[in-house]
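Protein sequence lines, in the order shown, are assigned to chains G and X.
Each position in the first sequence, counted from 1, maps to that position plus 718 in the working numbering.
Each position in the second sequence, counted from 1, maps to that position plus 3 in the working numbering.
If you are wondering where the hints come from, they were derived from the structure by calculation, not from laboratory data.
Keep in mind that the hints are not guaranteed to be accurate.
To be verified - Under 10 Å between C-beta atoms, here's a sample of chain X residues computed to sit facing chain G:
| # | residue |
| --- | --- |
| 1 | A20 |
| 2 | P68 |
| 3 | K70 |
| 4 | M113 |
| 5 | R145 |
| 6 | E148 |
For every residue, glycine included, the Cβ atom is placed at its ideal position computed from N, Cα and C.
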Amino acid sequence: MKEDIKTDALLEVLNIGAGQSATALSEILRQKVLINVPDLKFLPIDKVTESLGGAEQKIVGIYFQINGDITGKMLLLFDQKTGHMLAEILTGDKTKREGKLSDIDMSAMMEMANIIANSCLNGLAGLLDMRLMPSIPYYAEDELGAVIDFLLIEMAIVSELAMLVNTEMSTEKGNIKGSLLVFPDDTFMNKIFERLELQKT
Amino acid sequence: MTETKSQRISINIAEFAIAKHSEIIETQSLGSCVGVALYDRTTKMGGLAHIMLPDSKKVMVGGKPGKYADVAIKLMVDKLQEAGVNKMNLTAKIAGGACMFSGAGISDFMNIGLRNVNAIKQILSEMKIPLVAEDCGANHGRTVEFNLDSGKMTVKSSMASTKEI
Numbered sequence: 719m720k721e722d723i724k725t726d727a728l729l730e731v732l733n734i735g736a737g738q739s740a741t742a743l744s745e746i747l748r749q750k751v752l753i754n755v756p757d758l759k760f761l762p763i764d765k766v767t768e769s770l771g772g773a774e775q776k777i778v779g780i781y782f783q784i785n786g787d788i789t790g791k792m793l794l795l796f797d798q799k800t801g802h803m804l805a806e807i808l809t810g811d812k813t814k815r816e817g818k819l820s821d822i823d824m825s826a827m828m829e830m831a832n833i834i835a836n837s838c839l840n841g842l843a844g845l846l847d848m849r850l851m852p853s854i855p856y857y858a859e860d861e862l863g864a865v866i867d868f869l870l871i872e873m874a875i876v877s878e879l880a881m882l883v884n885t886e887m888s889t890e891k892g893n894i895k896g897s898l899l900v901f902p903d904d905t906f907m908n909k910i911f912e913r914l915e916l917q918k919t
Numbered sequence: 004m005t006e007t008k009s010q011r012i013s014i015n016i017a018e019f020a021i022a023k024h025s026e027i028i029e030t031q032s033l034g035s036c037v038g039v040a041l042y043d044r045t046t047k048m049g050g051l052a053h054i055m056l057p058d059s060k061k062v063m064v065g066g067k068p069g070k071y072a073d074v075a076i077k078l079m080v081d082k083l084q085e086a087g088v089n090k091m092n093l094t095a096k097i098a099g100g101a102c103m104f105s106g107a108g109i110s111d112f113m114n115i116g117l118r119n120v121n122a123i124k125q126i127l128s129e130m131k132i133p134l135v136a137e138d139c140g141a142n143h144g145r146t147v148e149f150n151l152d153s154g155k156m157t158v159k160s161s162m163a164s165t166k167e168i
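Produce the entire structure from the sequences given, and follow the hints as far as they go.
Structure follows, in structure tokens:
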């Protein structure tokens, strides 16, 4: 099946990108970071929130657009507690955090996300010999449903279905867990497949 | 007389429902999406929609009718009229339309929430439905409960205090 080969190629490539992200995160945290196998979902847009665990969970999300030869969206998600723990590690400020993170915490989180997103896209760009770069980071902290509806709206303009690839990352100790979500635009998978086919010849 | 417990109807993103006296319609976690409530206080009937996009005519795909402001509002009015509501009695309340993300440069494309709210106001005014209350904008999500007994909309947020409009 040609479609199966294409999705395999997409997952393989994103697995390598996520691996680069995990390496970057482990350098920042000075802890080993593990990733699971990327999970591809293709589902109606109104089911995306449910598939990620439901609208009400409180999360920290950092969003990027993927620009260049292939386009899409990327969202780095942490549950709120993990987000606050990361902010503490990144800033070295151990003050207890309640409610939304401060501007300083926020910019530390965005900087970390920037490194993670760049590592992933640099990995993909090298592998595919493509030009790829993330937009500047955008930060949100709220319920998952409220954070993600902006992405769903953008997708809903062109399609009834959403494609997303979720790679979960966690430290070996298990104290920090997050998700790297990639929402490929509709030409993303074909372009990757064509490039890989070309490289074979 | 015993008071009966209100019946709850939950609607998901891109859905709408109409309901009557003693019922509550709720929808969770509106970010840039907008909750539009229509209400007739004489019959205590109304509806709530969880709207994603302003205009069905500017997109390439169809989908659930509750997705678009123009379609959802018109359908709610039609269904309420079928149920015996006089359109002249309808008023509207809206909540949502936040700009959830912050960053170095929030460009126009990020503020779909504001575009949604503006489009909904335009549609309501064209349909001559007065907008009597709103809680829109800012950068926090909203969960709304629309009570058909009182016509009040309770707006809850994880990041801001609860409001009643």
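Is the hint on X/E148 kept, meaning its closest Cβ partner in chain G is under 10 Å away? Hint on X/E148: violated, closest Cβ of chain G at ~14 Å, above 10 Å.
Chain G contact restraint on X/P68 - CB to CB distance below 10 Å: Where the cut-off is 10 Å and the nearest Cβ of chain G is about 12 Å from X/P68, the hint is violated.
Supplied contact hint for X/R145, tested at 10 Å Cβ to chain G: Since chain G brings a Cβ to about 7 Å from X/R145, closer than 10 Å, the hint holds.
Just to be careful: measuring from the Cβ of X/M113 to every Cβ in chain G, is the smallest value less than 10 Å? Given a least distance of 7 Å, the restraint on X/M113 holds.
Just to be careful: measuring from the Cβ of X/A20 to every Cβ in chain G, is the smallest value less than 10 Å? violated, 14 Å
Would the stated hint for X/K70 survive a check requiring a Cβ distance to chain G of less than 10 Å? holds, 6 Å
The structure fails to meet hints 1, 2 and 6 from the earlier list, while all remaining hints are met.
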